[in-house]
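There are 2 protein chains.
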Amino acid sequence: MATIRDIARRAGVSVSTASLALNEDRRVRQETRRRVVDAADALDYHPMRAARTLSSGRTWSIHLLDPAIGANMSSGFFTRFLRGLHDAARDGGYTLTLTVPHDEREARAVLKRLVAERWSDGVVLMNPSDHDGVLEDVVAAGFPHVLLGRSPVPGVSSVDNDNVLVAADATRHLVDRGRRSLLLINGPASRTFAQDRARGFLEACGADARVTGRVVNVSGAPDAAAPALAAHLDAGHALDGLVAVSDPLAIVSLRALHERGLRVPEDVAIIGMNNDDLTQYTNPRLASVELNAYDLGRDAIESLLARIDAGGRTGGEGRRMVTHELVIRESSG
Amino acid sequence: MATIRDIARRAGVSVSTASLALNEDRRVRQETRRRVVDAADALDYHPMRAARTLSSGRTWSIHLLDPAIGANMSSGFFTRFLRGLHDAARDGGYTLTLTVPHDEREARAVLKRLVAERWSDGVVLMNPSDHDGVLEDVVAAGFPHVLLGRSPVPGVSSVDNDNVLVAADATRHLVDRGRRSLLLINGPASRTFAQDRARGFLEACGADARVTGRVVNVSGAPDAAAPALAAHLDAGHALDGLVAVSDPLAIVSLRALHERGLRVPEDVAIIGMNNDDLTQYTNPRLASVELNAYDLGRDAIESLLARIDAGGRTGGEGRRMVTHELVIRESSG
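In order, the protein sequence lines correspond to chains G and Y. When you line the first sequence up against the numbering used here, it's residues 1 to 333, in that order. When you line the second sequence up against the numbering used here, it's residues 1 to 333, in that order.
Worth double-checking, as some hints may not be accurate.
No copy is singled out in the list; a pair is fine if it fits within one copy or between any two copies.
Claimed, not checked - Derived pair list, reagent style EDC-like, types lysine to aspartate or glutamate, alpha-carbon separation capped at 20 Å: (1) K112 x D137; (2) K112 x E290; (3) K112 x D38; (4) K112 x D44; (5) K112 x E302; (6) K112 x D41; (7) K112 x D91.
It is worth saying that the hints were derived from the structure and are not from the lab.
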């Protein structure tokens, strides 16, 4: 296998010049750099990535810290987000590494090692909650990062949907179809996306005096939607419109309503969120909100690579928004 | 930040001894190694991973080359397999990196760089087809690997379900319930899992003279099940039992049968595969085969780490099998 010495000899330069040239150091003239690269190509030279990292300071790796993979029933949102991350990282010459910590304590321990041992040049974080120690740590470390979601702590760079508007649009759609007694089956109250969606839902309900809106928070597997829905109905609350913060929650609700003898959409109109592929095959077909998870992934990486390229000098928080669209199907009436 | 010199001074050893000790080199006595590790802990010492890689020869990273992420509608199988890979890698002190090539040509190019530049200590491959150049390359390179699925080329280490038996068990279940005109909605004919499942299906059909079994191969998104099913019925073939090689294909079929006025399970009994979480919320609930994707992921990594630890000296192919179970629900009658 060719070594850096072979390259230098063939290109007629010193070993250190060859090394600088391969690391795209600006001190080497364009023409010399060209000659060195040609020599490396001709000799089929591949330095170990770890050696390139030590000489260039770059790992060419992005790390995804995701506490929730597998927690979502269909995982459609996750796999599309992951694919967006992957494709944008590859386009920038990076590979994508994944860690799934069990809890916040493990996430903070992983992040600490990741920064100290420089496993990657930047980190993608997901699923922020009220007091997110991981986010505080990454800000304190000054490490390049991007968060999917709205940050509860300052100084964080993020990409997100406008979740207040996402929920308000879905809710107004049901109100426009004549629904008056609405329920939001929401995620855990500690999650910022759930806080934003509750706000959008309640604002849209409050805008029409004929409408009442209630919110129930569930956590864990989507199964939790069934007892939450049963408790709502057993308490004697009227219900003719249901907004669910994910399609799996909507699909579990669809089944639970069917088992109580309630018809969708005649008795209860339903709209979910994420626009998972399966929504078009449920019976009836499920209306949903397309959140453009792939674009969220791509935007996250583009924002992160800009920060890495700027050597962390861009500092401060930035928030990029990705658009959403209602996808109307049979379940919403 | 502490350096290797600080460690050596505190432990009362030379810099080279400290370095060898931290790399768990056997030339350093156990007691000395202990002293060095204690000094490193006390000084909160974290060498860059790249530096550790160059000194130890290990990257502490496993690479997943997956050509198909996102191709599966619900992705439930993929996320569970990924979680199994991740958890077993983490337990072994490894991180997991992911590449999703668009086609075989890109997969071979990525594998070539991965091996030459040593991006990782081993690779997990998925979705083999008839003539898999990627598998031939990894065998030729002698690089530690494990494949999910049955290999069409010799010399490959793999984990798999017994897909002949998976399909035979699902088919026999429908026959036992009195179904006589069966259809297998199968994956692409070039994929080894689809070949094995066609064989199991046809063997089970052939074992009972009253039963006829036909196979249709589909590729791409699960939507493809609908026109394949329509063509089968339009050709005048009888149908009272349907085996689908994935739950998404089964769910699309459920919807397509409903739209033709056929009842499930009264007219057509259905069983899918993968036991995705959504199967218990379809209407009717979908019978399926649990393939234990999480265990497949864990077993893949355990097999791979054993090969890495043996320094590639274990050679030859090995095939690990993971069990499956029928999960009977309303759709199969």
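Verification of the hints:
1. K112 x D137: within (8 Å within a copy, 37 Å between copies)
2. K112 x E290: neither (35 Å within a copy, 38 Å between copies)
3. K112 x D38: For K112 and D38, only the inter-copy Cα distance (19 Å) is at most 20 Å; the intra-copy one is 40 Å.
4. K112 x D44: between (37 Å within a copy, 11 Å between copies)
5. K112 x E302: Answer is neither; intra-copy 24 Å and inter-copy 27 Å both fail.
6. K112 x D41: between (38 Å within a copy, 14 Å between copies)
7. K112 x D91: between (28 Å within a copy, 18 Å between copies)
Violated hints for the displayed structure, listed by number in ascending order: 2, 5.
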